[in-house]
Amino acid sequence: MLKFFKDWMLPIAMLAGALTYPWVSRLAFLTPYLIFAMLLFTFSKIEPGDIRLRREHVWLLLVQLMGSGGLYLLLHPVDRIIASGALLCLLTPTAASAPVVTGMLGGDVGFLTSYVILCNVTVAPVAPVYFSLIGIYGSENLPFIQALLYVCKRVFTLLLLPLFTAFAIRRFAPGLRRVMLRAPRMSFYLWAFSLFIVTSVTVRFLIEHGGENPRTVVGLLLVSLVLCVAQFLIGRCIGRRYGDPISSGQGLGQKNTILAIWMAQTYLHPLTAVAPSGYILWQNIINSYQLWRHGKRKN
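For the sequence shown, this note's numbering assigns the number 4 to the initial residue and increments by one for each residue that follows.
Hints are supplied without guarantee of correctness; some may be wrong.
Here are the computed distance ranges between Cβ atoms for each label pair [what the hints assert, rightly or not]: (1) Arg244 / Pro128: 22 to 32 Å; (2) Ile54 / Arg244: 34 to 44 Å; (3) Pro51 / His297: 24 to 34 Å; (4) Leu33 / Ile288: 15 to 25 Å.
None of these hints come from the bench; they were simulated from the model.
Each residue gets a CB set at the ideal place from its N, CA and C atoms; glycine is no exception.
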């Protein structure tokens, strides 16, 4: 029974979060703290020299920047809101928690940490420019500096702060680092709990806003599903050329969807937020499957 629970912990967490969303969604304020703790345990395993730029980072970034704009132009004649949702699903930077899942899957945490920093720093100034060009909900008056500072603040708080803390522990408290390394599955348990909360928040949002325009909502969910699967596959194809499909797949496929929802609600049509909300579910289903398959292979 215990083995079954460990193998299926992430799907169970998602299902439990969906069923208990009226109550668990109130715990959303805990998410940043959980991400910080997850990254701290993950970053304690890497060396400072692992943080460096590599050639495949450029290819991943080009897919995000060029692909998002091209996809918007392609879908714009069909439906402007769906086109904006597709742009968000591609343009949104990699999630700060992506190195955690990468480490669980046996990928290169240093590689992905470097890409998360590069991706977020690059998208921060590009996203407001994109929004000002496609302007849907008064974004012709887009406060560029406000958006830039918001993204940078999230990058520092959720990524750089735990990274610097982990390096400080390595330098000044090696005993504490040894204790952290003796709990290799702690990141996994923290991830399961955060997934429990995030799923409940997502389900609540979809239930509260999903009835506004059913046809558009279905279109946004389908687009987010297709793009989620496609980005994981494209990332793995790029990474395979350089011998690390896992890290590149997570780098392109796992998105900072909370940031995407904020950008949609602040600068685009509010219904656009359905796309990144659906993406949360799709990427976590894929991550759950990958972790289950990785566990089966190890066993």
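These are the hints, each one checked on the structure:
| no. | hint | verdict |
| --- | --- | --- |
| 1 | Arg244 / Pro128: 22 to 32 Å | holds, 29 Å |
| 2 | Ile54 / Arg244: 34 to 44 Å | violated, 22 Å |
| 3 | Pro51 / His297: 24 to 34 Å | holds, 27 Å |
| 4 | Leu33 / Ile288: 15 to 25 Å | holds, 22 Å |
Going through the hint list in order, the structure does not satisfy hint 2, though it satisfies all others.
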